[in-house]
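Please build the complex by placing chain B on the supplied structure of chain A, with the hints as guidance.
There are 2 protein chains.
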Amino acid sequence: MARRREEAAELRAIPITGIGEVRPGDSVAETIIAALRRQKLNLVAGDILVITHKIVSKAEARIVALDQVQPSPASRRWAAHYQLDARLVQLALEQARRVVRRKRGIIITETAHGFVCANSGVDASNVDGGRCAVLLPTDPDRSARQIRRAIRKRLGISVPVLITDSFGRPWREGLCEVAIGVAGMNPFRDFRRRRDPHGFRLRVSLEAVADELACMAGLASGKLTRSPACIIRGFTYELGRDGASSIIRPRKRDLFR
Amino acid sequence: MARRREEAAELRAIPITGIGEVRPGDSVAETIIAALRRQKLNLVAGDILVITHKIVSKAEARIVALDQVQPSPASRRWAAHYQLDARLVQLALEQARRVVRRKRGIIITETAHGFVCANSGVDASNVDGGRCAVLLPTDPDRSARQIRRAIRKRLGISVPVLITDSFGRPWREGLCEVAIGVAGMNPFRDFRRRRDPHGFRLRVSLEAVADELACMAGLASGKLTRSPACIIRGFTYELGRDGASSIIRPRKRDLFR
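These protein sequence lines map, in sequence, to chains A and B.
The first sequence begins at 0 in numbering that gives the first Met the number 0 and counts up by one.
The second sequence begins at 0 in numbering that gives the first Met the number 0 and counts up by one.
Among these hints, one or two may not hold up.
Ranges between beta-carbon positions, derived for each pair [said to hold, decoys possible]:
1. A/Gly239 to B/Asn41: 47 to 55 Å
2. A/Arg101 to B/Pro72: 39 to 47 Å
3. A/Arg37 to B/Leu205: 40 to 48 Å
4. A/Arg252 to B/Arg37: 42 to 50 Å
5. A/Arg37 to B/Gly129: 16 to 24 Å
6. A/Arg103 to B/Arg240: 23 to 31 Å
7. B/Asp241 to A/Arg252: 49 to 57 Å
8. B/Arg37 to A/Gln38: 31 to 39 Å
9. B/Arg37 to A/Arg250: 46 to 54 Å
10. B/Arg37 to A/Arg101: 35 to 43 Å
11. B/Arg97 to A/Arg250: 20 to 28 Å
Think of the hints as simulated: they come from the structure by calculation, not from any bench.
Note that CB positions come from ideal geometry on N, CA and C, so glycine has one too.
With the rest of the complex left out, here is chain A:
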């Protein structure tokens, strides 16, 4: 009964506001803790901290000044044909382990991490008044673990940390947030061994809760406001050691790679 009550409980997403520009070398944990203080908001047991990857990438200096990028002739040709920035095309290809599709100006790659997404997750941005590209963190699961540890050390509280990005999907228009880094919780909720209220075994029921939590945070954050992080409160997560890398379907089990 305890579990049922918990599962029917209210969920909340509380945006963390007032996070300023994050610079290489900054501590993401300290930045968030300072913002929470200003907002008079406390992290409590059971909370989940969700952070958009951009501030993590910036803190980890995963930034490239676009005027330092030398696009190859092939990148130039492709970019010119589709009116893209050849330097961003170049970076997308450099960050890729493999090109999955390349058509009509869209480049879908498999990144070094194994994520399949557009442009290897490379994003144009503005840093210190110059035009830059922000790359994905080198190891977003490690980044999530580090932020989790730093928060535990400073606040004495253990909360799961998710790092997110916006990915497109085949077959459906629009982007949705996904978890690219996970620490401190099971990225899945597994109903496969349980039974529904009729006593039947549930058919397919591995739920990617980390991605659903990322979506929920995306709704709360907004892209125009400076709210690159939020707290999700009220979700009964399972403990676990697997990171977001466990969400990546192995290529041999994938029907679309």
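Below, chain B without anything else, positioned relative to chain A:
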């Protein structure tokens, strides 16, 4: 500034509990209104009502008794090879407009609606003590509009209605909720013409908020509890007339069909 304050507001997902078994001919709107009464929960302006498709399908009699299904020899062979229920395989193929992939016991189809998903969304369930299959609603956008109208008529309040299902994804393990029916709101949040806090145009920024809201509701509902619907409160949606069919990427623009 008004918009910024709104976007940084807290979001809540409130499960609607105590919804009993829904039978063919039942009114989904009345069932939900009765459950809200018992729960002493009011729908208020700005709320979004999210409903898992299963109760909508049952109300619309989109149920097939499995012992009435005659699998074709091909369905039997395929099912036997992968230890599946041949009747479910048969229904999945009958509900498909096209098979997108069929491999290792997994059937990915394009449904009559255009959704690309496993088994055409056909789900095994238990209805009145018999083993049944639940099909997707014939026109989930129309179902959403009907429920929205019925609620407006009875409660005098207009709320967007989303109908959801759990879909798998290429490249990533686990299921996430998606919106298969939408009424009363724009399924997307479009940042393409806006500028980020630095004044730069945002690159790719069509956000599939209807799918993200579906995910948020999925987290709140739980699959083991009887909470097939929830209220999302605090999300600033845009009005719009497009349904979930507008989320389906046209085949000619799709790189994976």
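Could you tell me which of the hints above the structure violates, numbers in ascending order?
1, 3, 5, 7 and 10
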